[in-house]
Amino acid sequence: MPELPEVRTVASVLKKELINKKITDVKIIYSKIISKDSLDINLLINKTLKDITTIGKYLLFHFDKYILISHLRMEGKYFIKTQDDSFEKHEHIIFNFEDNISLRYHDTRRFGRMTLIKKVDLHKVNSLKKLAPEPFTINKEDFYQRINKKDVSIKTLLLDQTIINGLGNIYANEVLYVSKINPSRKGKDITLKEASTIIDSAIDILNLAIKEGGTTIKSYTSSLGVIGNYQQYLKVHKKENEPCTFCHMPIKKIKINGRSTYYCPKCQK
DNA sequence: ACCACCTCCTGATCGC
DNA sequence: TGCGATCAGGAGGTGG
Numbered sequence: 000m001p002e003l004p005e006v007r008t009v010a011s012v013l014k015k016e017l018i019n020k021k022i023t024d025v026k027i028i029y030s031k032i033i034s035k036d037s038l039d040i041n042l043l044i045n046k047t048l049k050d051i052t053t054i055g056k057y058l059l060f061h062f063d064k065y066i067l068i069s070h071l072r073m074e075g076k077y078f079i080k081t082q083d084d085s086f087e088k089h090e091h092i093i094f095n096f097e098d099n100i101s102l103r104y105h106d107t108r109r110f111g112r113m114t115l116i117k118k119v120d121l122h123k124v125n126s127l128k129k130l131a132p133e134p135f136t137i138n139k140e141d142f143y144q145r146i147n148k149k150d151v152s153i154k155t156l157l158l159d160q161t162i163i164n165g166l167g168n169i170y171a172n173e174v175l176y177v178s179k180i181n182p183s184r185k186g187k188d189i190t191l192k193e194a195s196t197i198i199d200s201a202i203d204i205l206n207l208a209i210k211e212g213g214t215t216i217k218s219y220t221s222s223l224g225v226i227g228n229y230q231q232y233l234k235v236h237k238k239e240n241e242p243c244t245f246c247h248m249p250i251k252k253i254k255i256n257g258r259s260t261y262y263c264p265k266c267q268k
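Just so we're aligned, residue 0 is where the first sequence starts under numbering that gives the first Met the number 0, counting upward by one.
Hint data in this document are derived by calculation from the structure and do not stem from the laboratory.
Treat the numbers as computed from the prediction; the structure is a model and nothing was measured.
Please note that a few of the clues may not be correct.
[Said to hold, decoys possible] With a Cα cut of at most 25 Å, we get these calculated BS3-like pairs of lysine-lysine:
hint	residue 1	residue 2
1	Lys15	Lys26
2	Lys185	Lys251
3	Lys268	Lys234
[As the list claims (entries may be wrong)] Estimated spans, in silico, between C-beta atoms of each pair:
hint	residue 1	residue 2	range
4	Asn256	Asn45	24 to 34 Å
5	Lys254	Asp188	13 to 23 Å
6	Asn99	Lys185	52 to 62 Å
7	Lys49	Lys254	40 to 50 Å
8	Ile202	Asp120	23 to 33 Å
9	Asn99	Glu140	50 to 60 Å
10	Asn138	Arg184	18 to 28 Å
11	Leu38	Asp84	18 to 28 Å
12	Ile44	Glu241	46 to 56 Å
13	Lys254	Arg72	16 to 26 Å
14	Asp50	Lys26	17 to 27 Å
15	Asp63	Cys246	48 to 58 Å
16	Asp36	Lys15	28 to 38 Å
17	Thr107	Asp203	40 to 50 Å
Ideal Cβ positions, reconstructed from N, Cα and C, are used throughout, including at glycine.
Use the sequences and the hints to build the structure in full.
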């Protein structure tokens, strides 16, 4: 369930539970979660977790000399449990920590990936190198320049993490709705002013989502969900045929580049 | 270089 | 009800 706000929420909750704890054991149940170019995950045994940070949708677990990079993709989740030799269906990687804590990586569709790297190699990681800035720090002029020549829909461009980092399908839909921009319009037809509006909307929406994600995390006495409660704020995503909050026309659903896209045909020009 | 499409997976839901 | 088809908050790889 990972877009930028959910990933940040996961990071902050995990940090509270795991910071300064030492890993005592690692179990790899489904090894494809670990990318081919990863160092051996067992190197983390006896290492102490120093910090957890995020870059867009990536989670970074920092150790003295190593960083574990984790991307949840569609359905990756972390659960905190007490140690137990058994594991549930869809738990693929288990990190046991001191104090009887067990961190479980759970991923129904198995799309998520983890890579262990040396800290000194962080700047060499291809997937991270290509990322654009997050909406909070992006330069509007640079963003405009990146979309300016593209013969691709603005919806597709907002999902491209090298154009802007952190939006997924839900927030891309929401951002364009609030910005009153039709998702099918080509990047090259978006004006600087519209590009600026997109960034402002993205910041507002993500900030609210981060705030809500932080307040709506489920109790994690035995497990840690990543479930935010931002659904209640969604205005277009999954709202096909429901009235537009501005003009009351029914929201339409179409496919753009294979992804479900919701918009108001009247308000989004 | 750019861009549309395929692929990786499982499970819930849709439609006939 | 049964069952195959489609869909789901992502992104890397491929090939035109």
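Here is what the structure says about each hint:
1. A C-alpha spacing of about 23 Å is found between lysine 15 and lysine 26, which places the hinted pair at or below 25 Å, so the restraint holds.
2. For the given pair, lysine 185 sits about 19 Å from lysine 251 by alpha-carbon distance, which is consistent with the 25 Å threshold.
3. Our distance criterion of 25 Å between C-alpha atoms is met by lysine 268 and lysine 234, whose separation comes to about 17 Å.
4. In this structure, asparagine 256 and asparagine 45 break the distance hint of 24 to 34 Å, their C-beta atoms being roughly 46 Å apart.
5. Between lysine 254 and aspartate 188 the beta carbon distance is about 20 Å. The supplied range of 13 to 23 Å therefore holds.
6. The hinted range of 52 to 62 Å is satisfied by asparagine 99 and lysine 185, whose Cβ atoms lie roughly 55 Å apart.
7. For the hinted restraint 40 to 50 Å between lysine 49 and lysine 254, the CB-CB distance of approximately 44 Å keeps it satisfied.
8. Between isoleucine 202 and aspartate 120 the beta carbons are some 31 Å apart, a value that agrees with the proposed interval 23 to 33 Å.
9. In this structure the supplied range 50 to 60 Å holds for asparagine 99 paired with glutamate 140, their Cβ-Cβ distance being about 52 Å.
10. In this structure the hint that asparagine 138 and arginine 184 lie 18 to 28 Å apart at CB holds, the actual value being about 22 Å.
11. The hinted range of 18 to 28 Å is satisfied by leucine 38 and aspartate 84, whose Cβ atoms lie roughly 26 Å apart.
12. For isoleucine 44 paired with glutamate 241, a C-beta distance near 51 Å keeps the hint of 46 to 56 Å intact.
13. In this structure, lysine 254 and arginine 72 meet the distance hint of 16 to 26 Å, their C-beta atoms being roughly 20 Å apart.
14. About 23 Å separates the C-beta atoms of aspartate 50 and lysine 26, a value consistent with the hinted range of 17 to 27 Å.
15. Separation of aspartate 63 from cysteine 246 is about 56 Å and conforms to the stated range, judged on CB atoms against 48 to 58 Å.
16. Distance hint check: the CB atoms of aspartate 36 and lysine 15 are about 31 Å apart, consistent with the given range 28 to 38 Å.
17. The hinted window of 40 to 50 Å between threonine 107 and aspartate 203 is violated, with their beta carbons roughly 31 Å apart.
Of the hints listed earlier, those the structure fails to meet are numbers 4 and 17, in rising order.
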